[in-house]
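Peer 1: Let the sequences and hints guide you as you build the complete structure.
Protein chains in written order, with my numbering: chain A, 1 to 313; chain B, 1 to 313; chain C, 1 to 313; chain D, 1 to 313.
Since the hints were made in silico from the structure, they are not lab data.
For every residue, glycine included, the Cβ atom is placed at its ideal position computed from N, Cα and C.
Please note: incorrect hints may appear among the correct ones.
Negatives, chain A to chain D, calculated, CB over 10 Å [what the hints assert, rightly or not]: (1) T132; (2) G147; (3) Q152; (4) K155; (5) M239; (6) N247; (7) E294; (8) G301.
Reference excerpt, derived from the structure (chain D facing chain B, CB under 10 Å, subset only) [stated by the list, open to error]: (9) Y68; (10) S113; (11) I173.
There are 4 protein chains.
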Amino acid sequence: MIEKFEKLYSISVPELDEILGKPFKVLNDGFIRVIDYMGNDGAVVQAARVSYGKGTKVIIQDRGLIRYLMRHKHTTPFEMCEIKLHLRIPMDAWRQWIRHRTANVNEYSTRYSIAIDATQTTLPGEWRLQSTANRQGSSGFADEVLGKEMTQDEKKLHTLARSTYNKRIDAGIAREQARKDLPLSTYTEAYWKVDLHNLLHFLRLRMEKNAQLEIRKYAEIIGNEIVQRWVPITWEAFMDFSMNSTNFSLKEMEVLKKLYRGDKKEAIKIAEESGWLRRKEGKLVKSLERFEFEEKLEKLGIEFPWNDSDVIL
Amino acid sequence: MIEKFEKLYSISVPELDEILGKPFKVLNDGFIRVIDYMGNDGAVVQAARVSYGKGTKVIIQDRGLIRYLMRHKHTTPFEMCEIKLHLRIPMDAWRQWIRHRTANVNEYSTRYSIAIDATQTTLPGEWRLQSTANRQGSSGFADEVLGKEMTQDEKKLHTLARSTYNKRIDAGIAREQARKDLPLSTYTEAYWKVDLHNLLHFLRLRMEKNAQLEIRKYAEIIGNEIVQRWVPITWEAFMDFSMNSTNFSLKEMEVLKKLYRGDKKEAIKIAEESGWLRRKEGKLVKSLERFEFEEKLEKLGIEFPWNDSDVIL
Amino acid sequence: MIEKFEKLYSISVPELDEILGKPFKVLNDGFIRVIDYMGNDGAVVQAARVSYGKGTKVIIQDRGLIRYLMRHKHTTPFEMCEIKLHLRIPMDAWRQWIRHRTANVNEYSTRYSIAIDATQTTLPGEWRLQSTANRQGSSGFADEVLGKEMTQDEKKLHTLARSTYNKRIDAGIAREQARKDLPLSTYTEAYWKVDLHNLLHFLRLRMEKNAQLEIRKYAEIIGNEIVQRWVPITWEAFMDFSMNSTNFSLKEMEVLKKLYRGDKKEAIKIAEESGWLRRKEGKLVKSLERFEFEEKLEKLGIEFPWNDSDVIL
Amino acid sequence: MIEKFEKLYSISVPELDEILGKPFKVLNDGFIRVIDYMGNDGAVVQAARVSYGKGTKVIIQDRGLIRYLMRHKHTTPFEMCEIKLHLRIPMDAWRQWIRHRTANVNEYSTRYSIAIDATQTTLPGEWRLQSTANRQGSSGFADEVLGKEMTQDEKKLHTLARSTYNKRIDAGIAREQARKDLPLSTYTEAYWKVDLHNLLHFLRLRMEKNAQLEIRKYAEIIGNEIVQRWVPITWEAFMDFSMNSTNFSLKEMEVLKKLYRGDKKEAIKIAEESGWLRRKEGKLVKSLERFEFEEKLEKLGIEFPWNDSDVIL
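Peer 2: Quick look at the structure:
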């Protein structure tokens, strides 16, 4: 049986070996670097072929197989690749990062050692304004005057926080207690080891436009600089079928079908039944489901069948 | 702070309480029954509101919130519900089941106790033929004559397997070794405890039309008889946005856009660039990506822009 | 088969129902309360009996069975119980908490909502000194003068941190960015759901004397006030066989054996071979393995066979 | 900061490279071979030093650090090593194997391909008798006459099972259904990828004397032939502090303390309070807790303080 699976895949990836250990800078004082890895595109194929046995051998070539696996969410072969990264990242972003549970972690301990003396700082032009459309997002930047003030305040706070910390340490206070008032912007470091499937899941959420800017910057480097070098075929498939795909619900497909037939009236009827077109004094009431469908119609260059000139927000 | 989150949700679900402990029959001798559960649709909302704080309170009502969470794959609130099932299931189907790792399991041990004396049996009309289109599936049924023969053979094999097992046990052979040749069709029993998010993931894969019939029958009962009673709003959202949704890749969206504009030529050009329209001696070569896109076009009632009358399979 | 497993266990626990939703205070402004639970001691037994079938029924009674499971680390039946807690906890302690990955979490989001306006504060008598013996621990307290100063500094820092945060929010800075310099002492809230096996694992690490005081206070309440009420037999077994047990390595057992025979010479020989008795200028060099063994000997009231009056630290 | 952690560890392990891809035979037709690996003893140390920062650098050398981590169950640094194995194993043993959930798996699919035509067969001298002491174990072997008969029966059953399977396949029955009556002794193959911490946990349970012989043979090869070559220092620490250690409960330590003082009477008193010495008509009633303590006393060469000449089993 062994021989049947034996097809040999080169297991080192020269493109990745070139950047091994080399830090990519992120934010004002963070970085990401690859410490080690296991597997490559070939290892995904190799694992899938164990499952399929002789089944798919002749029919599908390697690239086609990887794309098939990605499209159909056959995720286990992607778990056969593993990567270990070394991060330096503000605790604030790390708090979001660590919520991804299927990974191995060793973080720098501020119980054992003095806290890293670096914080994420913000330039006057980098202060983002609260988005009104998206409760959890930001939109646009503060003007120069406000930005400058914010940056000065930030510096003052960082300085007091650090001097308070240092004073505690110098006075003999236990490190585990002295650290209690460090700002969330303080940098930490960690080894983070994860399999390719779970890494792609992480990237799908954290490279997305609604992800917070800080963590997005890390995710983009992992995706564009690291994963793309490591498993280029998997990366392309991920971009095509997962990251940049569009999902339509059952109802949305029905409306779309009517629109392709040119049957606006029927399309509107289904939308009404779905509760997307409630009106108050003649105006369309806000509906998240309708908004999101309208965004998809825009991607397809299709005009909304309903008149939404007067929407109540 | 407590008061802000305090909104009380009744935590028992009368519709589910009614069927607690009551076995639903599956296959010839299997069953599923609910042993215990925790949470309901309200618990999903309650958990989401902890995350959102006052943020979304006024704006989104409960049903809208659950649908929003489902649509955007905000999965953690669904993990706040838990269910414990008791299954009786052939080992063959259980081998697939157990691959879902995020669950708690206690299985009947044939090291400790005598193996359950029941196997999954097949009626003459239930023998399925190998699908040629789908390497892992079945399609249609064996005719009556063949079916009868298969069922007789099955019975003969089951009888010999059991008598051999019993003979070993009677002769004092260790149970852990005596069991080694039990057929995969032998029933086992297990307690299986899982959170709602992971249960829905299980159902999406196992209620799907390509899932093996045996496990699909269990999945359908869990979905339609149990989850629907337990968390009806979540179930509806799952059906709309996950189970019955259709996903389009970046390229597929581009083709769709051209087709809406009536620009067949441009649509074909994109398809060609995507490698979907390779030809050999004038005929279209088999392409899984094109086939799957064609299926989606059919759902939308859209004619293929290319002429595929002569496809090489 | 059903009947054989049917033995009914009452599934509600009156002792726990009494405190459902009732917050236990922790630290200056934190709390823990039980939101919901599933299972009890009986559910552990019930699950174990599914595994064992008729095997152990007559022989072992329920309490004995639970103690057997605990002693032999048969952990799956303990996974059949689940509990959901609501916590209010400083982010610093939460950073340690969240490292326990096998749990479900919904945390209050400071992207969606204004950060909770409360920090963990320290009374003058609560400032702990760095332990010299244990690099990650504390030992003793700062004197009154120093404590007072530390508490004043803490207050000044908290005040500046909050006013800076508020100023940002008032100026329209995005919440996701405004929060970046909150001190780690800021309270957060979360729903945390976990099975009994993983909860006990958490408690073993976090109730331990070397765990940081802050998280230990939460762990002790969960253990002594909640788990003890919920599953008293399991709790007793956990205390006996896990929390308060002592582990001896192969070499340590060999030394103990010699010591029981009164054969000091042989005991010392084994210790030497194990590298515990290296000397430098006649004095015993520091050896963690020897220190830890000596601690165990003290528990047994056994004198060290070697003369360690002159240890090099 | 980087430089501080930079200490370079060679990341390939020549001893393991030598056996890469080379199958170790197990049972009559199974094997294990290493496909790939990541990390070594140095990677454990490297990860631990990230956590500890400068903290422990000078004080503890690498071997001492690994032993410290193992002793204190600081498990995360061991998660930083990963190994990928290729197994060929009877489905019966695989059913136990797969219960270890924290691993990545790709198994040969008998839906896609024809089932492997090999079963685990038993020589006449290999039939084990049911243990009476241990409900889940075996003890001793069947005599030659019985063994021969058992082996003949086994062969007959395997032959009928395979011919029935082949007949179904030849008749066009779907592979997914044809396989339903394959004996559990049928071999399957899988890629299995796991981190070092979880692998050691697996080995602790499966190399143990009560583990079923078949899976134990696989575990022993993984431990003695693979892990020992891969991470020799970790392996030694695991053997000393985990695999071959002995755990004493609180009560057992108390009894031991009395015994070391020579105070039999007090020892018996504690044992009585612990319920170990219940008597019926003058004889000691069976007590698992006492039995297990007696086994530990034997290891220490200590005589039981109670007279158990007349035990009721």
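Peer 1: Each hint needs a verdict: does it hold in this structure or not?
Peer 2: Verification of the hints:
Annotated as non-interface, A/T132 keeps its C-beta farther than 10 Å from every C-beta of chain D; the closest such distance is 39 Å. Under the 10 Å C-beta cut-off, the non-interface status given to A/G147 relative to chain D holds; the minimum distance is some 29 Å. No Cβ of chain D approaches the Cβ of A/Q152 within 10 Å, the least distance being about 27 Å, so the stated non-interface status holds. With a least CB separation of 22 Å from chain D, A/K155 remains clear of the 10 Å interface cut-off, as annotated.
With a least beta-carbon separation of about 23 Å from chain D, A/M239 lies farther than 10 Å from that chain, consistent with its non-interface assignment. The Cβ of A/N247 lies farther than 10 Å from every Cβ of chain D, with a closest approach of about 27 Å, so its non-interface assignment holds. For A/E294, the requirement that its beta carbon stay farther than 10 Å from each beta carbon of chain D is met, with the minimum near 41 Å. With a minimum CB-CB distance of about 41 Å to chain D, A/G301 clears the 10 Å threshold, and the non-interface call stands.
A distance limit of 10 Å between C-beta atoms decides the matter here; for D/Y68 the minimum to chain B is near 31 Å, and the interface restraint is violated. Interface restraint check: D/S113 against chain B, minimum CB-CB distance 8 Å, threshold 10 Å, status holds. A distance limit of 10 Å between C-beta atoms decides the matter here; for D/I173 the minimum to chain B is near 6 Å, and the interface restraint holds.
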